[in-house]
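Colleague: Knowing the structure of chain A, use the given hints to seat chains B, C and D on it.
Protein chains in written order, with numbering that gives the first Met the number 0: chain A, 0 to 423; chain B, 0 to 423; chain C, 0 to 423; chain D, 0 to 423.
Incorrect hints may have been included.
When chains are identical, the list treats them as one kind, so a pair holds in a single copy or across two.
Said to hold, decoys possible - Straight line, CA to CA, 30 Å or less: simulated DSS-like cross-link-like pairs of lysine-lysine:
(1) 160 with 63
(2) 160 with 375
(3) 331 with 375
(4) 331 with 40
(5) 106 with 3
(6) 348 with 160
(7) 131 with 63
(8) 7 with 340
(9) 282 with 248
(10) 248 with 226
(11) 208 with 77
(12) 107 with 348
(13) 232 with 265
(14) 338 with 29
These are calculated hints, taken from the structure and not from any lab test.
Protein chains: 4
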Amino acid sequence: MREKNFLKTPPMGWNSYDYYDTAVTEADVKANADYMAANLKEYGWEYIVVDIEWYSVNAGTRRKEYQYIPFEMVEIDKYSRLQPCIDRFPSAKGGAGFKPLADYVHKKGLKFGIHIMRGIPRIAAHMHMEIKGTDVRANEIADPSSICFWNPDMYGVRPGKEASQLYYDSLFELYAQWGVDFVKCDDICRMDMPSAEEEIRMLSKAIEKCGRPIVLSLSPGPAKLDKAWIYEKYSNMWRITDDFWDDWKLLVNMFDRCEQWQDHVKEGSYPDCDMIPVGKIGKGFGDERDTRFTRDEQITMMSLWSIFRSPMMLGCELTKLDGDTVSLITNKDVLSLLKLKSRAQMIEKSREHAVWMNSDAQNLYIALFNISDEEKEISCGIPYEGCAKGTELWSHRDISVENDIICAVIPAHGAQIFRIEKNV
Amino acid sequence: MREKNFLKTPPMGWNSYDYYDTAVTEADVKANADYMAANLKEYGWEYIVVDIEWYSVNAGTRRKEYQYIPFEMVEIDKYSRLQPCIDRFPSAKGGAGFKPLADYVHKKGLKFGIHIMRGIPRIAAHMHMEIKGTDVRANEIADPSSICFWNPDMYGVRPGKEASQLYYDSLFELYAQWGVDFVKCDDICRMDMPSAEEEIRMLSKAIEKCGRPIVLSLSPGPAKLDKAWIYEKYSNMWRITDDFWDDWKLLVNMFDRCEQWQDHVKEGSYPDCDMIPVGKIGKGFGDERDTRFTRDEQITMMSLWSIFRSPMMLGCELTKLDGDTVSLITNKDVLSLLKLKSRAQMIEKSREHAVWMNSDAQNLYIALFNISDEEKEISCGIPYEGCAKGTELWSHRDISVENDIICAVIPAHGAQIFRIEKNV
Amino acid sequence: MREKNFLKTPPMGWNSYDYYDTAVTEADVKANADYMAANLKEYGWEYIVVDIEWYSVNAGTRRKEYQYIPFEMVEIDKYSRLQPCIDRFPSAKGGAGFKPLADYVHKKGLKFGIHIMRGIPRIAAHMHMEIKGTDVRANEIADPSSICFWNPDMYGVRPGKEASQLYYDSLFELYAQWGVDFVKCDDICRMDMPSAEEEIRMLSKAIEKCGRPIVLSLSPGPAKLDKAWIYEKYSNMWRITDDFWDDWKLLVNMFDRCEQWQDHVKEGSYPDCDMIPVGKIGKGFGDERDTRFTRDEQITMMSLWSIFRSPMMLGCELTKLDGDTVSLITNKDVLSLLKLKSRAQMIEKSREHAVWMNSDAQNLYIALFNISDEEKEISCGIPYEGCAKGTELWSHRDISVENDIICAVIPAHGAQIFRIEKNV
Amino acid sequence: MREKNFLKTPPMGWNSYDYYDTAVTEADVKANADYMAANLKEYGWEYIVVDIEWYSVNAGTRRKEYQYIPFEMVEIDKYSRLQPCIDRFPSAKGGAGFKPLADYVHKKGLKFGIHIMRGIPRIAAHMHMEIKGTDVRANEIADPSSICFWNPDMYGVRPGKEASQLYYDSLFELYAQWGVDFVKCDDICRMDMPSAEEEIRMLSKAIEKCGRPIVLSLSPGPAKLDKAWIYEKYSNMWRITDDFWDDWKLLVNMFDRCEQWQDHVKEGSYPDCDMIPVGKIGKGFGDERDTRFTRDEQITMMSLWSIFRSPMMLGCELTKLDGDTVSLITNKDVLSLLKLKSRAQMIEKSREHAVWMNSDAQNLYIALFNISDEEKEISCGIPYEGCAKGTELWSHRDISVENDIICAVIPAHGAQIFRIEKNV
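Chain A with its partners taken away, still in its complex shape:
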């Protein structure tokens, strides 16, 4: 059984997708890593993740027609394994793969991650390419009816074939050589195809065999609640939503999703609220912009992700961060909620508000959310008698508690988090 306790708290990092789409380059990755090492590492941010289609020649060049150009050339080795595209990742030349870039990131004191698609490249199946460690060819393990509906690159592999496991083993053997610390596997989490559950098991086994403690992140959501056990046992994080963007409706919706998954947060296994679209995003999509979330909405998002203990992946271009956004993502008090050992509980919800609570030995943490479109007073009973004082973690304002009730006026779409000293 794969050990997962190397991951004590939800991963925090940066992912190239929200800003670069398919078009990120080595220089971009390094610039973001430089920024993180210099400015964010001390707050816990540490993963640098290269998202989708780093292997695809010409990725992003026909963006008006296709996000993912179908039947386009890919970099691939003789064993059906995709390789970084040299044009965008020049250090990968000569078969070096992502090793030089991972080394660069590691030297900064950070960790390196990549995105993969479930399955084996379609072209490998049609060309009857080799698989490492076996005479069986790609056409024998690729399932022609197991496709991804939004990306044309891969076929799923057939469960129950030894060569299928060997293929996944060969991938992670390579990723371990490269020094990869984090793999986000896509087209697998919501199990659109029946083989996905088995492919999750194969991924986990391949990681176990490779010997490196690689975080396994599953995408896209929404994950299936009745398969919680599978996610918890075999992966480290799994998306509980479809792609999350800077749209208030999606953020309101996350309260339902966190409600449903709150009992499934545990050490090494984290339901994933998806990337954080603050700051500058959208360039690769042809729409570079500041986040559409208001300041209050950003606070709501960061508060919910923190108290729920979701993984935290910044979607923005780090080198273009403004001061407000920096303050949002470097509030140590708020981020400390991620480190709590117990799971938070939603203790109230209506169409207009929500209340979440967590605690440790000394303190109670209560987050009040106003999801209505008007300023509202929100109050909540405290289930410990005699609590007298506390602090609001965004404003650092001291508060006093009376009659075991916490009460605050919260702006529309806003949130406040209270740390209240237990009377012990």
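Modeller: Quick look at chains B, C and D alone, frame taken from chain A:
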């Protein structure tokens, strides 16, 4: 608008699938055509249809693992058009395609048909092959997410692209040159993929352009009832059931399907009950056998197909027909129901019986079906006063009618059809 | 088998619902009958239908809380049969029921109809009331789990019990005595409850037994396409839509519904597009208003209902009709489409337009609909050679035809109907 | 917020339903209480629960036609509250309700529970009966469209009306007076009706107000996984399956259900696997019989319920218990699993086997289940190094552990539970 009135009555013929699966050869086709011309043509049987994967090298050779071998080599011309496999269809050599075989069939006074899959060969897309009449290549019109879930050969084409229509045009231009009279297009009728509706329109337009009156048959079912208009306008027949085999449960089920589609039978447009699995079937599936239908069940099937006016395609090996089966498919009185101008109506149905009726100027036709597991007396009021006599069409027994009621003892799973003279 | 051929063409009339909701009175009904007899009868309008809850004391008095007051008193006879509420229908006093009002309507040369709910009054079941012609009481035939979700008055009856049929027989015996010509039975058409199909059969049998040719109209829709046979055999008209109101989105949607049901129009059996919300409507709903349909939308509605051959029931208050609306509903050329013997076909449809066609021996009728939000030129090939001239039926404008194509500029949301002389 | 920590472990008791259906009497209840006090109390069994329709006159007398006789008379007080039927519960006479019976049970050192249906009696609504503490009558809070599909007694109440809460308050005020310790509320858990969620909240609030620590049990299942938070906050136990009976298919199915709900077991809140159909059951259903579960299947059931920490409610007639069944339900080692503080986890599952694990400071508990139809060897890695010895809890056989693997041959449909000493 495509003319469809060349097809005055439901097509009657033979199809290679139920006996040969993917493995039929030119010699097999000729032998069946010979038999039909000599023995069945006078009863109206005339189409000879070559079913699935005539283009696939090695089709049927790995039957235990795959019905359709994935990523296997196919015969294909430079314009992305599949060609008959020379090993199995030697007359196709030198680029002759199906023309020699069609000529053979035509000389027998019969008509020639082929099966195709919706879309363009996957390999053509991955190889960026040409399309006739345009510079656009296969990769630009193939949709990588439009697949068939049970056959790995094709990608659907993208609607709204001129080259997509040109591709279908080029197919039917070729089929017209070959002398094809009937095309059964598969993976399209139940519209598993959203582009299927548009692809039906493209097929119809391509047939119209090719100038030959080719019957367009759509498969597999069940067709969507709320799309009846599309089928009626653009095709000649469409499958109202998934694959039909010699299983009583499937046959009982056809009464529901015929009930639902009875208002959609009209000249040139026929809801299709699928092939008739009588006689010897199953060889290509590794299970050569006599039909599992009892004699009474066979009579029920032929009675329903006839009065409903379904297309009639024999699934059996004709050269191995036994006398009983011959008598079943050469009953001129029963088959004459196919030629009626009006549509039949189901006028009664319970879990145990069904009654269907049709009529012409002289006669009323009433079919009584016993779908229960025990012999039953079934009766039905006749909506014409004064009818006095008639004939049961399977036994040729004369009957007399009293009190405007027809009544008969029908064996379990059996049927009788009465032709009753109108009192005019 | 119930004869249905007394109903040669789709019924045309007036229904109290759209204007009065549950609150119509005898005086209101008479006033509308007077108007119809004087002004509309000559155009074919003849049914006067009293819609829902004529039996409910206090109906309509708590409209802000309830459309249908739950557990409110009802007029009911000793045999569990609802009676008109005397306060609103004073001529019903002394047990006369609707006979006096029906007589009044008949004297005007019109026909009289009522609305009923599927089933037996809930109070009859709870009070164990009698059923005529049997010792079985209401509690034994009422099914406590067969309710209507939007009206609290009734329980459905249990199929397979003799007393259930006797109950329905006793209803229609009474309605025949009253002189009812048309019964709209509600909560039955879309078969929300499993017994609905059997209750339709019971209604038909009860009508057959009562000896009066009563039109059976089923509501609400959408009817189930796969149950077309049931509607066709047992009823005269059935709603193919949920309640239709003066909302363009609902009207656009009717093109889909008519498309799906076009093959099911036949003498005596008519898919029903629901009431026509023109003129003044909404008073009983607390929102008396002119229809929200523009003139062009009204023309579209009348054109579609006419060529499709839907029943036509005016929803407006007739005594408040304005000249424009009168002209809309008294266009003899347009209404004559209802009398055609053949069924119309939709021959083209896109998101922006639709074309319907029907014909008789002399003429072709083509309706062009612009369902887009902008004026558009719409054209359509004519499938008869040599047609030269015709008339647009709304404007009475003569047109000439060239090259077998009819073409017109149609305003947004508008329609035109062309009668084209066949070249015979 | 209602305190739920009075319920430290899953409730254990007896319920009248599986043996008596609707027909249990006071004498039956007492006899079972006597037996439990004398023989089972020491093992933790303590609740005595009277199940459905104790208020219904003639309940069970027309069993062939109806499980629940519709529109039958019920005992009811002036405030619309159901009362025990005097014929079956003679001590309830004079308005004493269940107090005398509860007192009897309490004197035996046991706890007393009753079953209720969600909502207010239908007859109270139709008769406009009173509600305690308000002038609002039953007809104003009953929702005529909120019914139970399998029982005819009640209407749901309307959320958002003050009188609705007052009605529920009046119920629990009465139950507290009676001395009720446990209320199983039916027709609410799987939320067939939209008001059910609000009715759960009302029940919880009414219990909080009544001041007595009453266990709230919700039925029937399957509960909705995405509403886990509601069940956990407002109730003490909720059914995760539809009615569970002695059928192996249902038992196999429970492994899926326990898998899905394993993260939701916590102090005071227990997903409920339903009653335990061992011993003699079925008399009230007209089918008195011994359980159809084999001995091995019984062990599987008890093992799963115990390690999962489900509530345990015996469905059998206690006075007819045989020795084998007694041994099954009095295995202190097995039952001790219910007292563990942590939640168990399913750590392996296939179509043929399942492995569950839990632990405390000293021991590891591993249950091996063979859900296949053949004897199988099942093994499982132990996630603690150096464990050397343990005990199988059904056979009390000592075992030794080698190589951190536990392995056993398990009969078809059988189970074993191992308590393994941690090497600390």
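Colleague: When Cα atoms must be at most 30 Å apart, do residue 348 and residue 160 count as within-copy, between-copy, both, or neither?
Modeller: Classified as between: cross-chain Cα gap 19 Å, same-chain 47 Å, threshold 30 Å.
Colleague: Is it within, between, both, or neither for residue 160 and residue 375, if the alpha carbons may be no more than 30 Å apart?
Modeller: between (58 Å within a copy, 23 Å between copies)
Colleague: With 30 Å as the alpha-carbon cut-off, assign the pair residue 107 and residue 348 to within, between, both or neither.
Modeller: Neither. Shortest intra-copy (43 Å) and inter-copy (42 Å) distances fail the 30 Å Cα cut-off.
Colleague: At most 30 Å between alpha carbons: which applies to residue 248 and residue 226, within, between, both or neither?
Modeller: both (26 Å within a copy, 21 Å between copies)
Colleague: Under a CA distance limit of 30 Å, which applies to residue 7 and residue 340: within one copy, between copies, both, or neither?
Modeller: Close inside one copy (9 Å) and across copies (22 Å); limit 30 Å.
Colleague: How would you classify residue 232 and residue 265 at a CA-CA limit of 30 Å: within, between, both, or neither?
Modeller: Cα proximity of residue 232 and residue 265: in one copy and across copies (11 Å, 20 Å).
Colleague: For residue 282 and residue 248, with the copy left unspecified, which applies at a CA distance of at most 30 Å: within, between, both, or neither?
Modeller: Intra 22 Å, inter 37 Å, cutoff 30 Å: intra-copy only.
Colleague: With 30 Å as the alpha-carbon cut-off, assign the pair residue 331 and residue 40 to within, between, both or neither.
Modeller: within (12 Å within a copy, 54 Å between copies)
Colleague: How would you classify residue 131 and residue 63 at a CA-CA limit of 30 Å: within, between, both, or neither?
Modeller: between (37 Å within a copy, 26 Å between copies)
Colleague: Is it within, between, both, or neither for residue 331 and residue 375, if the alpha carbons may be no more than 30 Å apart?
Modeller: Only inside one copy: residue 331 and residue 375 sit 27 Å apart there, 54 Å across copies, limit 30 Å.
Colleague: Reference check for the pair residue 208 and residue 77, CA-CA at most 30 Å: within, between, both, or neither?
Modeller: Intra 22 Å, inter 46 Å, cutoff 30 Å: intra-copy only.
Colleague: I want to check one pair: residue 106 and residue 3. Are their C-alpha atoms no more than 30 Å apart within a copy, between two copies, both, or neither?
Modeller: within (24 Å within a copy, 52 Å between copies)
Of the numbered hints listed earlier, the single one contradicted by the structure is hint 12.
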